[in-house]
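**Q** Starting from the given sequences, assemble the full structure and let the hints guide the process.
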Amino acid sequence: MTALARDTIASAFRAAVDVAAADLGWPAEARAVAIEVEHPADPGHGDYASAVALRLAKPLRRPPLAIAEAIRDRFPASETVASVEVAKPGFVNVRLADAWVARQVDTIAAAGEGYGRSTRLEGQRIQVEYISANPTGPMHVANARGGPIGDVLSNVLAFMGARVTREYYVNDTGSQVDQLGVSVALRYRELFGEKVEIPADAYPAEYVIDIATRIRELEGDRYVGMALEDQAKAFAPKALDIIVNEWHKGTARKLGIDYDVWYRESELVGSEYFRATIDELRARGALEERDGAVWLRSRELGEDIDSVVIRSNGVPTYFGVDLVYHRQCLVERGFDRKIDVWGANTYGHSLRMRAAMKAFGLLDRWEVVIYQYVRFLHEGEILGMSKRRGQFILLDDVIDRVGRDVARWFFLQSSPDRMLDFDLELAVTQSSENPAYYVQYAHARIASIFGTAAERGLSEDGADVALLTAPAEADLVKALLRFPEVLDDVLARRASHLLAAYALDLAGRFHSYYRDHRVVGDDPALSRARLRLVRAVQVTLRQVLGLLGISAPDHM
RNA sequence: GGCCCCGUAGCUCAGUGGAUAGAGCAGCAGCCUUCGAAGCUGUUGGUCGCGAGUUCGAGUCUCGCCGGGGUCGCCA
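Residues in the first sequence are numbered consecutively from 586, following our numbering.
Treat the hints loosely; a few may be bogus.
What the hints assert, rightly or not - Below, a list of computed lysine-lysine pairs in the BS3-like style, where the Cα atoms sit at most 30 angstroms apart:
1) Lys780 to Lys823
2) Lys643 to Lys673
3) Lys818 to Lys834
4) Lys834 to Lys823
5) Lys780 to Lys818
Source of the hints: derived by calculation from the structure; they are not laboratory data.
**A** Take a look at the structure:
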């Protein structure tokens, strides 16, 4: 549990504004104003700054500089802050006290695996659902992106004290599964010498042959001679088992993802719970019958069009099952919150789901993080990806080529809002220069420094951090202090890429420091202090890499 | 056509109203007899797609346009 320096400064601003308002008779707007504290781009402007005086200028009808001075004069004295200055046109700039900053080195080093952790989400049960790729084929690069994004979001939520369930929703019903069964049956026949033609709506890809081969290995020729329809019915669940239990689970593990629950959609279809939930929606007046089908009255709930929940043939749609699943998670299964990490191709579905959650009165406990597509480039050309046509890059192959750490970094480095281009050739050739290695190298270097120290009989025991007086040392500590602030932003914005950006920044600062400041040197006291500082950097790098799900090696 | 995302250095991208717009890669010039050169230092490179507006202040917010991607199914 670590107090954020940013919060400490913001509270001080709040206090100063309130006192000034009381002293000078400022109107109510002064107390209502939001205090925002930021890191100035220019270090000459201090460590933290607020533009609150500029914001108050208009409502108070006073010059911003005068307001800033009034705040400065009432800024509470503390051991944290060294100076408070006013800068035109009305900024209030705060500089942290060097001694306080140096002391944080001890705090961070001692916190270890507790550094940055918080209990603010304690007691909350949150389900994060991610990847949930169609179980009709192997996982490919396009639907991989949600994996690291959802996983890191889960890590951060758990780091903040929430009880997190990582869930994978398996769409194991519907016409796609029937098609898979037929496709496998045809390939099975082919394996026994029959000449078959693959219809346009079946899956022609190579992996279907792999599945048929697998079934032949396991069960031999016992399905030969059966009608195609019966073969398809028998093979569909077997194919799903192979794809989900052997392939998808294997790929998830390779990516470093450990799911708590693999939920099967088929558990819901045809269940009493499904019917009861539909009845509840009907009782709420959210459904209507039209053309023999059952519709959710989405338009009444603010969407553009209504959506079919149960088809005229009595079979629920994908949406119909998914909305029941969502309700089950938030009501029967007791999650306080459900976060879906979905690809851009589910945008339409997310709008329908929003209407459904509104109808249930659960909208405020559900959210969706939508990430944009990953486009795949091969030799500079954009490739279309289609599971049906068998055109896609297997995620397993990518991980095998570049490694888990680089693969995760690639998906985590940029905002989910931005479309990614994945060029395998480029990814492989550049992997030795990958930013992930840049960060890991900083960690390995630190391990090496401790190795050298041990050889020379030096340790951090008895370190006096007051000896850390170099400006570069204070800057490094301030970078460490930003870690909890970054977590705060990641949580507020569901933006895991900020963590990757922070890791890069911190590693860069450390590499710079390393060049100019010898840690294990001639002065034992100074060496001990610097070892403690390096320990604090190590602690922070481990926390960040751990949350990103990227290894923190001692050797590379 | 409606809705969602994006357009920032040659390339890949940070930057959710603040002060002089940043990093990595690529390019150029340097730095290893001392803790790991997968590193560091310096340097080249920008009409932040275009145009208006709001604001003390706009890469960031609003509107329009241009360009790219997604979505709008009794598919999943």
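**Q** Each hint needs a verdict: does it hold in this structure or not?
**A** These are the hints, each one checked on the structure:
1. Lys780 to Lys823: Answer holds: Lys780 to Lys823 is near 23 angstroms, not above 30 angstroms.
2. Lys643 to Lys673: holds (16 angstroms)
3. Lys818 to Lys834: holds (24 angstroms)
4. Lys834 to Lys823: Roughly 15 angstroms separates the two Cα atoms, so the pair holds.
5. Lys780 to Lys818: holds (21 angstroms)
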